[in-house]
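A.B. asks: Sequence:
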Amino acid sequence: MAQAENVDVLREETLVDTDIHLTTPNEDLAKYADKPYSDYLLAEGVQLKSPGWDPTLGGKIEQRKLLRPQEIEEELCGELHVDYPIINAFVNLSRLSQSETAVHLQRAANDLLLDQFLDEYDYYGLATVATQKPDKAAEELDRIGNEDSIVGVFLTSTGPNPPLGNPAYDIMYRAAEDNDLPIVYHGATNSGFDIEFPRHNQSFEKFVEAHVNAHLWSQTMTLTSTLANGLPEKFPGLDFVFLEAGISWVPYMMFRLNKEFAMRRSEVTLLTKQPEEYIRESYYFATQPLGEPMDPTHLQQMIDIIGVRSLMFASDYPHWDFEHPSELNKYLHHMFSPEERARVLHGNANEVFDLGI
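So in the UniProt record's numbering, spot 136 of the sequence shown is number 136, and the numbers just go up one at a time.
Worth flagging that the hints you see were computed from the coordinates, not collected in a lab. No experiment lies behind these values; they were computed from the predicted model shown. Heads up, the beta-carbon is just placed ideally off N, CA and C, and yes, glycines get one too. Be a bit skeptical, because a hint or two may be false.
Now the in silico label distances, taken between C-beta atoms and shown as ranges [claimed, not checked]:
#1 Lys330 with Ser266: 43 to 49 Å
#2 Thr14 with Arg256: 33 to 39 Å
#3 Leu42 with Asp304: 48 to 54 Å
Construct all of the structure, not just a fragment, from the sequences and the given hints.
C.D. replies: Written out as structure tokens, the structure is:
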């Protein structure tokens with residue numbers, strides 16, 4: 001009864017989902033790519049992702065896919081009551097060693113997203129960029145930055161080299177700021193953990209070891225890199241959103257960064273405030289994966305520390321470990337005010353992504 005009541009409440013609430021993954025088959029992407037890059041996509045054995053691990057428990061867990069806009073309408077908008085989906089093509093270009101191929105495929109991925117999903121549907125999307133060539137990424141953002149349905153820039157935290165706060169990417173961040181596009185960092189296991197943490201990827205005996213740590217490690221690395229290199233000072237008009245690492249790591253990082261900043265100001269000369277202040281002002285964190293504390297009040301305390309103004313709902317649909325919005329809402333509905341709840345479910349995303357809802 002309580003679960004049903006929780007779902008009924010969500011039907012009446014505006015819901016923005018900030019992390020929805022498409023599955024983009026190579027043959028679909030090839031239609032938007034010029035030769036020889038279309039041939040590359042169609043070559044036998046070519047994969048833009050390299051899983052390495054079996055997340056299905058030997059086939060026991062269903063691997064869902066979103067291939068068409070009708071599936072978003074039926075499964076997300078219909079069954080999960082999502083009003084405003086923010087989708088990404090999830091074309092993992094950051095791990096490609098062929099930088100010219102990555103540059104050409106970023107355009108193909110964005111054209112596919114616009115043509116098949118955004119132009120004729122009331123959805124929003126995140127731009128794909130190739131971080132191997134930041135100047136070309138900037139050109140791509142300038143090309144599509146005026147598209148009303150493109151509301152942010154999608155970056156995977158695993159794969160890019162150097163880490164994403166490095167000054168080499170400043171031209172890309174400048175283009176994002178000029179086009180009013182927030183930066184969205186996505187943590188992952190299968191899309192670059194083996195590159196970023198090769199020894200651990202090789203030595204872990206079980207998938208659970210990689211899956212528990214991969215999203216967290218990649219996002220703590222990226223958060224640290226953005227602050228150590230002064231991105232909030234260099235680009236004060238940018239907001240930074242972190243997907244698919246949950247929220248429990250955020251208080252530790254705020255306080256740890258504060259301590260390091262106090263000790264090593266000479267190394268972080270661009271920052272004029274405590275790292276925690278920057279995080280509270282321009283950093284946002286999606287709730288999935290939420291975690292399951294044995295004492296529910298501990299999650300309430302965690303949210304209180306971070307602040308509801310810094311949180312956004314995300315489902316990670318259709319991945320096997322996605323979270324139904326009712327999982328988050330059961331905490332928000334009973335522990336926070338209607339105004340605070342609304343901020344997490346849609347208000348913060350509306351402001352950051354300028355959705356106009």
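A.B. asks: If you test the structure against every hint from before, which numbers come out violated?
C.D. replies: none
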